[in-house]
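Note that the protein sequences, when read in sequence, are chains S and Y.
The numbering used here numbers the first residue of the first sequence as 1 and each following residue consecutively.
The numbering used here numbers the first residue of the second sequence as 148 and each following residue consecutively.
Heads up, some of the hints might be wrong.
[What the hints assert, rightly or not] Below, in silico cross-link-like pairs of lysine-lysine (DSS-like), each with a Cα-Cα straight-line distance of 25 Å or less: (1) S:Lys3 / Y:Lys467; (2) Y:Lys475 / Y:Lys556; (3) Y:Lys232 / Y:Lys315; (4) Y:Lys232 / Y:Lys552; (5) S:Lys3 / Y:Lys315; (6) Y:Lys462 / S:Lys3; (7) Y:Lys547 / Y:Lys157; (8) Y:Lys467 / Y:Lys556; (9) Y:Lys462 / Y:Lys157; (10) Y:Lys395 / S:Lys3; (11) Y:Lys640 / Y:Lys552; (12) Y:Lys232 / Y:Lys306.
No wet-lab data here; the hints were simulated from the structure.
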Amino acid sequence: MDKSEGLALGLSGALLLIFFAAIMYASTARGIDVPKCITDPDPFERGQLIEHAEDRYELQMIARMWSFQPGSIEIPVGSELEIYLRATDIIHGFKIEGTNVNMMAVPGSINYQRLRFNEPGTYPLVCHEYCGVGHHNMRGEIVVTES
Amino acid sequence: MNFDTLNLSKSMRRLLLLLLILPMALLVMGIYGGLMQAFFRAGIVTSDPFVGGEYYRGLTLHGVINALVFTTFFAVAFGHAVVSKSLNMALNERWAWISGILMIVGTVMTALTIFAGVADVLYTFYPPLQANVFFYVGLVLVVVGSWIAFFTWIPPYLKWRKENPDKKTPLAVVGIFATFIVWFIASIAVAVEILVLIIPWVLGWVDGINAMLARTLFWMFGHPLVYFWLLPVYVMYYTMMPRLAGGKLYSDTAGRLVFFMFIIFSIPVGTHHQFMDPGISGEWKLIQAFFTFMVALPSLITAFTLAASLEYAGKQRGGKGLFGWMFKLPYFDSNRWLFAYFITGLFLFIFGGISGIINASYQMNAIVHNTAWLPGHFHMTVAGPVILGMLGMSLYMVAKLTGKKIRMKKMVTAVPYIYSVGLLMMSWGLMRGGLQGMPRRTNTGLTYSNPDSALYRADWQLFTDVVVVGAVIMFVAMVIFFAAFFLTLAYRKAEAPSLSFGWTESVHESSGPIRWLHNFRPWVITAVVLIAITYAPVIYDVTTTGYSTSPRFGPESPSPRLNPSPQSEQVVPPEVRSEEDLDSRAEQLPLDFE
Ligand code: HEM
Ligand SMILES: [Cu+2]
Ligand SMILES: [Cu+2]
Numbered sequence: 001m002d003k004s005e006g007l008a009l010g011l012s013g014a015l016l017l018i019f020f021a022a023i024m025y026a027s028t029a030r031g032i033d034v035p036k037c038i039t040d041p042d043p044f045e046r047g048q049l050i051e052h053a054e055d056r057y058e059l060q061m062i063a064r065m066w067s068f069q070p071g072s073i074e075i076p077v078g079s080e081l082e083i084y085l086r087a088t089d090i091i092h093g094f095k096i097e098g099t100n101v102n103m104m105a106v107p108g109s110i111n112y113q114r115l116r117f118n119e120p121g122t123y124p125l126v127c128h129e130y131c132g133v134g135h136h137n138m139r140g141e142i143v144v145t146e147s
Numbered sequence: 148m149n150f151d152t153l154n155l156s157k158s159m160r161r162l163l164l165l166l167l168i169l170p171m172a173l174l175v176m177g178i179y180g181g182l183m184q185a186f187f188r189a190g191i192v193t194s195d196p197f198v199g200g201e202y203y204r205g206l207t208l209h210g211v212i213n214a215l216v217f218t219t220f221f222a223v224a225f226g227h228a229v230v231s232k233s234l235n236m237a238l239n240e241r242w243a244w245i246s247g248i249l250m251i252v253g254t255v256m257t258a259l260t261i262f263a264g265v266a267d268v269l270y271t272f273y274p275p276l277q278a279n280v281f282f283y284v285g286l287v288l289v290v291v292g293s294w295i296a297f298f299t300w301i302p303p304y305l306k307w308r309k310e311n312p313d314k315k316t317p318l319a320v321v322g323i324f325a326t327f328i329v330w331f332i333a334s335i336a337v338a339v340e341i342l343v344l345i346i347p348w349v350l351g352w353v354d355g356i357n358a359m360l361a362r363t364l365f366w367m368f369g370h371p372l373v374y375f376w377l378l379p380v381y382v383m384y385y386t387m388m389p390r391l392a393g394g395k396l397y398s399d400t401a402g403r404l405v406f407f408m409f410i411i412f413s414i415p416v417g418t419h420h421q422f423m424d425p426g427i428s429g430e431w432k433l434i435q436a437f438f439t440f441m442v443a444l445p446s447l448i449t450a451f452t453l454a455a456s457l458e459y460a461g462k463q464r465g466g467k468g469l470f471g472w473m474f475k476l477p478y479f480d481s482n483r484w485l486f487a488y489f490i491t492g493l494f495l496f497i498f499g500g501i502s503g504i505i506n507a508s509y510q511m512n513a514i515v516h517n518t519a520w521l522p523g524h525f526h527m528t529v530a531g532p533v534i535l536g537m538l539g540m541s542l543y544m545v546a547k548l549t550g551k552k553i554r555m556k557k558m559v560t561a562v563p564y565i566y567s568v569g570l571l572m573m574s575w576g577l578m579r580g581g582l583q584g585m586p587r588r589t590n591t592g593l594t595y596s597n598p599d600s601a602l603y604r605a606d607w608q609l610f611t612d613v614v615v616v617g618a619v620i621m622f623v624a625m626v627i628f629f630a631a632f633f634l635t636l637a638y639r640k641a642e643a644p645s646l647s648f649g650w651t652e653s654v655h656e657s658s659g660p661i662r663w664l665h666n667f668r669p670w671v672i673t674a675v676v677l678i679a680i681t682y683a684p685v686i687y688d689v690t691t692t693g694y695s696t697s698p699r700f701g702p703e704s705p706s707p708r709l710n711p712s713p714q715s716e717q718v719v720p721p722e723v724r725s726e727e728d729l730d731s732r733a734e735q736l737p738l739d740f741e
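Working from the sequences, and respecting the hints, build out all of it.
Structure below.
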């Protein structure tokens, strides 16, 4: 191995380490993370939005062929939304556009993410995993209203 | 005179031709499918009679043929040729044929189920979506066939080692063995998924399947699969391209190190496809994210070594200064047409690699996961360097094996450039749309890009349209290639068939074998240990955290097929939780986003 080669190897390694350090920073210091494994909620049978407090909502979301239930929810701006996602038939996807919320809905496990909506507006959510002949119809939305 | 008959008998030649030409014929369908997908997505067509009118059937065919069948057949044929040529040894022909026949039977079986419309499950076939049992059996036959091919190379290799104790194993053989070691270990996971989980469930012997476990086993195979595609092309880049460019490989040792690194780092990374999945703890996802960065290292070394080799070549050809060598390479030399297939692939791989690192970046994956960004990314890998290298090498080998002259050589040289222009456009459209939320694997033409639909998204229209333009250009390039390929075959033979590869020499090379880069065993053991460490907790999580298993579903209906479980209609009253209870959740996720 000659000198320039060693240098290239070292620089490549350093670059990757910097990238990984950035990931660690985002995950620990900023708390930006991927969905974790949760096992405590029971599988709910119907989707619903529950208001726990004025600005704290829990969304029990059912993904099934080919709709989200509830298909549309409304919450006031500044609310914190905890999302529990369950698929009742096959695998679906769940991405709230313009946010970091992106989840797979896999039957047999419940997925979980949480975020606060600071901007009013309509946030489309799209099923992004193939789920049969009606997949391209599967969409919902979250309406964040001006309070 | 015929050095060639020493290691390639007539029957072997026939087998290789079969393994190269048959998938090329199938690829015609696969590429046509790609064009149609672009049309469908933009809403230009809404039905394609060729595949029964169905978008998702066409997409299944596109993924299975292009990504699974074509690549596997090529790797086997190329492996047969490289191993027997560079060790100068005959392979066991009977087993080579058995392997080939298994793969062909498997392919026909799987293809028939797709055409019959009983396997609209895409190439990832995630349960609880269920296909006809022969879809899976066919895939298993293809995989087992490729294993047998690999096994036929082991005895000649061991014999060669015994006869040549002081020689380095040829780099190409190291590369091919690395490819198939990765493939063999990884495909055990998918074999288990299919044989243990899926088939008993499809046949109704068991009622439920653990969807997360099946998915996890699939990706344990699915990520190393991408290196199985890539490594044969790396073999070409390392052992043939520098010489074609008029130079030498910068470092033989770097090449060996790269192939060995792929053996250890290719597999303990598959969970990066499941960052957004439930049921797997964050720590295990993070560990696999780390190894994903490790597996980027051999590709960065490759980028350096190949650039240095090309610089050497360019300077040999009279290039001056820091960048002068770049203008001296034989880009459009139709006598070295194969070079065009390599250099365009390398160029595309820059973007494929960068977008790949973005995907791998753990929480950043949330922005791109399952959006159209993904097909944008991987067409610059698998439909870039991989397919271009494989097409070029297929044409080269077929012409040599039949002794025919390549027709339309100028056009053949232009194909990869035309194709790349189209590909860059298509990928831009897909990736840019993906960043704006456009989903992958979706017949957007019926809803999101249909102005008459309530779901219409005017802001995505530009992207689906650019994809169409790119796809048409790619398609035109491929049609020219297919024409040249089959025209070459149609003419009479011009010389005695003989296969030879122009192996490259190296600038820097150790005089004898370097001990730690000489034997596969320590690397394979390390690989197995790493897989055990990274995957044991993931498998544990997905087998223990689920609340139920799933019955079978078809793509056409939300009710399960056979023995449906009665859905309880009970409404659980909402339970209002206190603030403290809400705060108690251990996984505190960020609330704010930019
Ligand atoms: C003319 C050339 C091609 C065109 C126009 C094309 C077009 C496309 C498009 C538009 C998609 C996205 C479909 C969707 O997500 O809804 C796609 C998916 C895909 N393509 Fe291609 N493609 C071409 C060649 C190739 C080649 C050569 C390969 C592999 C060797 C390939 C492998 C794939 C794979 C694996 C998928 C993903 C399928 C899935 O998500 O299930 N494509 N292609
Ligand atoms: Cu869907
Ligand atoms: Cu991957």
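To see whether the hints hold, each was checked on the structure:
Taking the CA atoms of Lys3 of chain S and Lys467 of chain Y, the gap is near 22 Å; set against the 25 Å cutoff, the hint holds. This hinted pair checks out: Lys475 of chain Y and Lys556 of chain Y have alpha carbons roughly 21 Å apart, not beyond 25 Å. Taken as a hint, the Lys232 of chain Y and Lys315 of chain Y pair is honoured in the structure, with Cα atoms around 16 Å apart against an allowance of 25 Å. This hinted pair checks out: Lys232 of chain Y and Lys552 of chain Y have alpha carbons roughly 21 Å apart, not beyond 25 Å.
About 23 Å separates the Cα atoms of Lys3 of chain S and Lys315 of chain Y, which keeps this hinted pair within 25 Å; it holds. Between Lys462 of chain Y and Lys3 of chain S the CA atoms are separated by roughly 20 Å; this keeps the pair inside 25 Å, and the hint holds. Restraint check for Lys547 of chain Y and Lys157 of chain Y: satisfied, since their Cα atoms lie roughly 13 Å apart, inside the 25 Å limit. A threshold of 25 Å between alpha carbons decides the hint, and for Lys467 of chain Y with Lys556 of chain Y the separation of about 30 Å lies outside it, so the pair is violated.
With a CA separation close to 42 Å, the supplied pair Lys462 of chain Y and Lys157 of chain Y exceeds the 25 Å bound. For the suggested pair Lys395 of chain Y and Lys3 of chain S, the alpha carbons sit about 18 Å apart, so the restraint of at most 25 Å is met. For the given pair, Lys640 of chain Y sits about 7 Å from Lys552 of chain Y by alpha-carbon distance, which is consistent with the 25 Å threshold. With a C-alpha separation of about 15 Å, the suggested pair Lys232 of chain Y and Lys306 of chain Y falls inside the 25 Å cut-off, and the hint holds.
Hints 8 and 9, counting from the list given before, are not met by this structure.
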